Amino acid sequence: MSEKRICVLLCILISSISCVKDIDFEQAEDVVLTPVYEVDFVYSRFDTSQFIDSNIDPAIVIPEVIVNDTLEYDLLGTDFVVDNLERVELTFEFTNTIERDFEFDLGFLNDNDQRIGPLYSMTANSGNGEGTDPIVTTEVIILDTADIDVLRDATRLISSMRVQNINSSLRGILELRSKGTYFFNYEL
Amino acid sequence: MRSIIFFIGLWGCLGYSQNKETLYDFTDLPQSLLLNPGADTNFNYHAGVPFLSQFHINAGLRGASIYDVFADDGRDINDKIENTLNTLTSNDYLTLTQQLELINFGWESKKNKNIYFSGGIYQELDVIGYFPKDFAVLAYQGNQDFLNQPFRFSTISGSVELLTTFHFGYTKKVSKKLTFGARAKLYSSMFHIRSAKNKGTFTTVETPEGNNIYQHIISNADVTVRTSGYASLKDEEGKDIVNKLVGRAFLGGNLGLGIDIGFTHKINEQLAITGSANDLGMILYTKDVETYRARGNYVFEGFETPIQFSGQDPQNFLDELEEAVPLDTLSTTYLTMRPVKLNSSVRYSFNRYDDGTCDCYLEGEKPPYLDAIGVQLFTQFRPKRPQYAASLFYYKRFFNFLRTKLTYTIDDYSYYNIGFLTSIHINKINFYISANNLLEYTNLAKARGASVQLGFNVIM
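Chains A and B, in that order, are what the protein sequence lines are.
When we follow this note's numbering, the leftmost residue of the first sequence carries the number 1, and every step to the right adds one.
When we follow this note's numbering, the leftmost residue of the second sequence carries the number 1001, and every step to the right adds one.
Some clues are possibly wrong.
Unchecked claim - Computed footprint of chain B on chain A; a stretch qualifies when at least three of its residues, placed anywhere within it, have a C-beta under 8 Å from a C-beta of chain B:
| # | region |
| --- | --- |
| 1 | 44-54 |
| 2 | 62-71 |
| 3 | 148-157 |
| 4 | 162-168 |
| 5 | 175-181 |
Said to hold, decoys possible - Quick partial rundown of chain A residues pointing at chain B, CB under 8 Å, derived from the structure:
| # | residue |
| --- | --- |
| 6 | L33 |
| 7 | P35 |
| 8 | V36 |
| 9 | E38 |
| 10 | D40 |
| 11 | F41 |
| 12 | I116 |
| 13 | Y120 |
Claimed, not checked - Stretch by stretch, here's where chain A covers chain B in the computed footprint (C-beta under 8 Å, at least three residues):
| # | region |
| --- | --- |
| 14 | 1104-1111 |
| 15 | 1192-1198 |
| 16 | 1299-1307 |
| 17 | 1329-1342 |
Calculated directly from the structure, the hints in this document are not laboratory data.
Remember, it's a predicted structure, so these values are computed and weren't measured experimentally.
Ideal Cβ placement from N, Cα and C applies to all residues, glycine included.
Isolated chain B, as found in the complex (with noise of 0.2 Å):
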């Protein structure tokens, strides 16, 4: 139970979608580059501190927060719960994303200056739950202040997924107004699970005419779990699953393929647009799939005893249940898109350091702007809709070796989060760190969510 409570209360302290609104197009890092395989860089190599390199935990919940539920306010704590569980519906959702980088690196190309080559594997965890909003009521509440009322099985959607990705990207300075870039992704997927798209009701109607006092109806059930990478772990036991999905995640798992393509335009010298597409991609999942579907119409209405009027053989109720939804276990290949995550911006840079007294810029650099504004837009596409958000930045450079971005961003989250990144440069060690929902920070629980990143590189 305590570890329970630690792993919500972990949660609630990092509580967010997969949005990095304060790393993307952040330049001075060779991770923007991950965001954006066309960010306008300008490294001579980097390298990241392999497994340091970025460790990024993005938690959310929409609808309500930790606080609704254990305030310490003496309310019964289920008067709270039966209030959160009125308020939230099934378009609410927890979103969790975690990503550690494993390596990291890329460096200029010797032939031709304006290519710079980057690559790396990276492990990822997301996961997306939609409230059952139907089903948490009938198991919290029962059905006799619902009769008539169907329990859609459409309301149970989300999916799982651990996988490793390796990736190798190609940025070019194709003119000075326009870099593009592309990466070609890898995917090794370790353990899959998704339930989406379910069709069908349960229903107890009321029937005063009929054989009893009600009809529990199963109304065209068709409810689908797909895995991969579940079945052979049903019976190991801990060591083991962790060596499984090892030798997974080094291209043992489920392979996928993927594209990020992505540009920045140089209007003038102060004002640009960017634009990327991450994850233009699928996994096949051909090995270890077992997929669960339970598809049927069923009506329930009593036992018929001591006079069988109806002349009928006696019922075994769980006997017609099967029979009439059979759940059927499948092994067959099945495909799935990545979740496609789109970025854009424009930016507005001005105050260029130029009095020559400070070493605000590396030598042979232009000599760079100080301050930068602009907006961001982010789309990511889930099982149910897209998630948006918007964000409009700040970007400050105050000394060489320190160098910031401050947020705020409009999600389905908060309509008033503040992100901050700071990055700290000295010679060529870097370190940056980055949270957002700074004004939820004194108090976490009540936030709805929160996404940190942090890593060490090695720049040039």
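Isolated chain A, as found in the complex (with noise of 0.2 Å):
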């Protein structure tokens, strides 16, 4: 009888001095994800040496010169990152030695070729010429999630790039470099 006791005493002390004290998993809700991510956008050069041909008579000016472009580009890739994303910032670093401002224009395309969104539009300051430190301009684009639930659909990027007067005495050379800021704001 008293072994039985023994037994069922050590039973009880074993399972009643074990416990799990202070402690809420109710936090879990709480639990919220806010990374940032920095990824390359777009990028272009332009270099009037490749594309000028300086044989040409300067006199002859070219009033306006559009270069247009279409790419595959899935802004935002699956529903979980639109759903996610509180806010995306696309920073643009134009640095031009050419003697003439440059319009970049940017947009996005859903599967059916439709525009969605608007269309950004920014300048290049006109630089110095060749051999001159360059001007630099920066625009920033701020998506908040309304622009990306906009732009959920978004499966192509056109982008183009506009300068007028031109003429083969134009030296110099423009660069965009561009990034976009992912700030996600995850709730488990």
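Take each chain as given, in its own frame, and dock them per the hints.
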């Protein structure tokens, strides 16, 4: 009898002294992941010596040159990204030594090649000629959750570069470098 | 969500390696033969109660505890996660081992009283996951604060295995001083997944002179995940998965062979040394094997548009990446070693019962020693590096029916791990229960690990 009692006592003792105190697992509901990712976006380089034949008479002026491009670009990837992205900052950095302003436009297309969202336009200020310090223009486009929602179906990217009054005496380089900064806010 | 929390809670409660420091060389229990086939036991026969002879669970978390994250202290959980994330390194890990004996039996040889045979079947789940520090940081904080710093694929390492072991052992008292034993094992693996020895880095590098602001570089990536018993389960659900696993448990899985060896050497009547090596063996994975391997180098620096100076074809990022770092699915046979475990001890027994007034020993037996002290060492080989543990123990036999062992262990998880085993013997019936990390029992959430085992036997 006493043997059994000791057994029962031991079992009760072991099971009763173990416990988990001061713990609140409900906090799991407050977990928010807020990673920030920096990812390269578009880049481009326009070197006059590669595009303009210097043998052409400088008196000939081309009133406007436009270069258009379309590329496959799934801006936001999956629904998961769209639903948990809080903000995207697209930062563009133009460095220019060519003595002309350049107009840069950027937009997004859906699967049916219809533009969604606005056409984002920016100007790269003219430089001071070949061999001078380049003029730097920085533009930031901020996409908030409403913009992101509009752009959720974007699958292609259209861009164009426009410059006016080109002649063969123009010298210099225009460079575009850009990145996207993706701010996530993901609740478990 | 509730079930996840419950699981984490349970894991917290049972929360530690495969070290069974209280059970090792506890020769009153037949389960000690599973840790050392050369244990100096003294049974005529034994039989475990089917499915109840040993349940063992052992969970551990090196580097952090549940309390670090879930403490109800008014601090924001996100701050606590970030602090914990910063404290943990890629050498920290979590382990979970669970074993369930299905059957366990043994008998003394009729022809030779010095030989004891024992055998049985047990199921084992063994999980180890190293903390994937670099990619946890990438997921939790992103790459913005970690420009020019490589995220290493080598931090991804772990394995999960579910298997059954069929075993049969032979223990022989070679002389008065030496007992030697060996146990043959046949493994049937139901499920295995393992990723180890990965190489390469992912880095976002600032490139002031480059084409774009950054370069995102995957360098010398070589990441492999081996699986077996997984591919055919991918499309199955609930009951079918269980049915398939049960089929594999009884020799329908990937098979392997192994051996345990061990000895007890009595230097004199009171002083003994023991040693054992368990699971010296391997499993050959031939059925239902899928190995995923990605290797390559890739540099991404954005999209060249609108002026494509380089004159290249329009880029398709995903196609390029797939081409540069192709993911191959292979079904080649592979072999893995079982995680070898080494145990050893020195034991000094004293306080022999001999006043003849109490039933502290069974008839026919030599009067037992009622107390013993000693030291034990444990090592287990793991994918990255071995785990070690060292214990001091005190064995005490109170009455014939109550035998106990107290251990103090230093290991990867803590420097003050107290374990306790109680074994109750009433006639032929035996019940034992053991747990460690007792100092943490009043608040298991703070424990970095714990282990529990219990079971019922019939012993003569």
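Comparing the hints with the structure gives:
Counting residues of the region 44-54 of chain A whose beta carbon lies closer than 8 Å to any beta carbon of chain B gives 5, which reaches the threshold of three, so the coverage claim holds. Residue count for the region 62-71 of chain A with a Cβ under 8 Å from a Cβ of chain B: 4. That meets the three needed, and the coverage hint holds. Coverage of the region 148-157 of chain A by chain B is violated. Counting CB-CB distances below 8 Å, 1 residues qualify, and the rule asks for three or more. Check result for the region 162-168 of chain A against chain B: violated, 0 residues qualifying (beta carbon to beta carbon below 8 Å, three or more required).
Coverage of a stretch by a chain is defined here by at least three residues with a beta carbon nearer than 8 Å to that chain's beta carbons; for the region 175-181 of chain A and chain B the count is 4, and the condition holds. Hint on L33 (chain A) holds. Least Cβ distance to chain B is approximately 6 Å, under the 8 Å limit. A distance limit of 8 Å between C-beta atoms decides the matter here; for P35 (chain A) the minimum to chain B is near 3 Å, and the interface restraint holds. Because the smallest distance between the Cβ of V36 (chain A) and any Cβ of chain B comes to about 4 Å, under 8 Å, the interface hint for this residue holds.
With 8 Å as the threshold, the beta carbon of E38 (chain A) comes within range of chain B, its nearest partner Cβ sitting at about 5 Å, so the hint holds. Hint status for D40 (chain A): holds, given a least beta-carbon distance of 3 Å to chain B, under 8 Å. Checking F41 (chain A) against chain B: minimum C-beta separation of about 5 Å stays under 8 Å; hint holds. At about 18 Å, the closest approach between the beta carbon of I116 (chain A) and any beta carbon in chain B exceeds 8 Å, and the interface hint on this residue is violated.
With a least beta-carbon distance of about 13 Å to chain B, the hint placing Y120 (chain A) at the interface is violated under the 8 Å criterion. Residues of the region 1104-1111 of chain B with a Cβ under 8 Å from some Cβ of chain A number 0, which does not satisfy the need for three, so the listed coverage is violated. With 0 residues bearing a CB less than 8 Å from a CB of chain A, the region 1192-1198 of chain B misses the requirement of three and the coverage assertion fails. Beta-carbon proximity to chain A at under 8 Å applies to 8 residues in the region 1299-1307 of chain B; the threshold of 3 is reached and the given coverage holds.
Chain A is given as covering the region 1329-1342 of chain B, and this is violated because 0 residues of the stretch bring a CB closer than 8 Å to a CB of that chain, at least three being needed.
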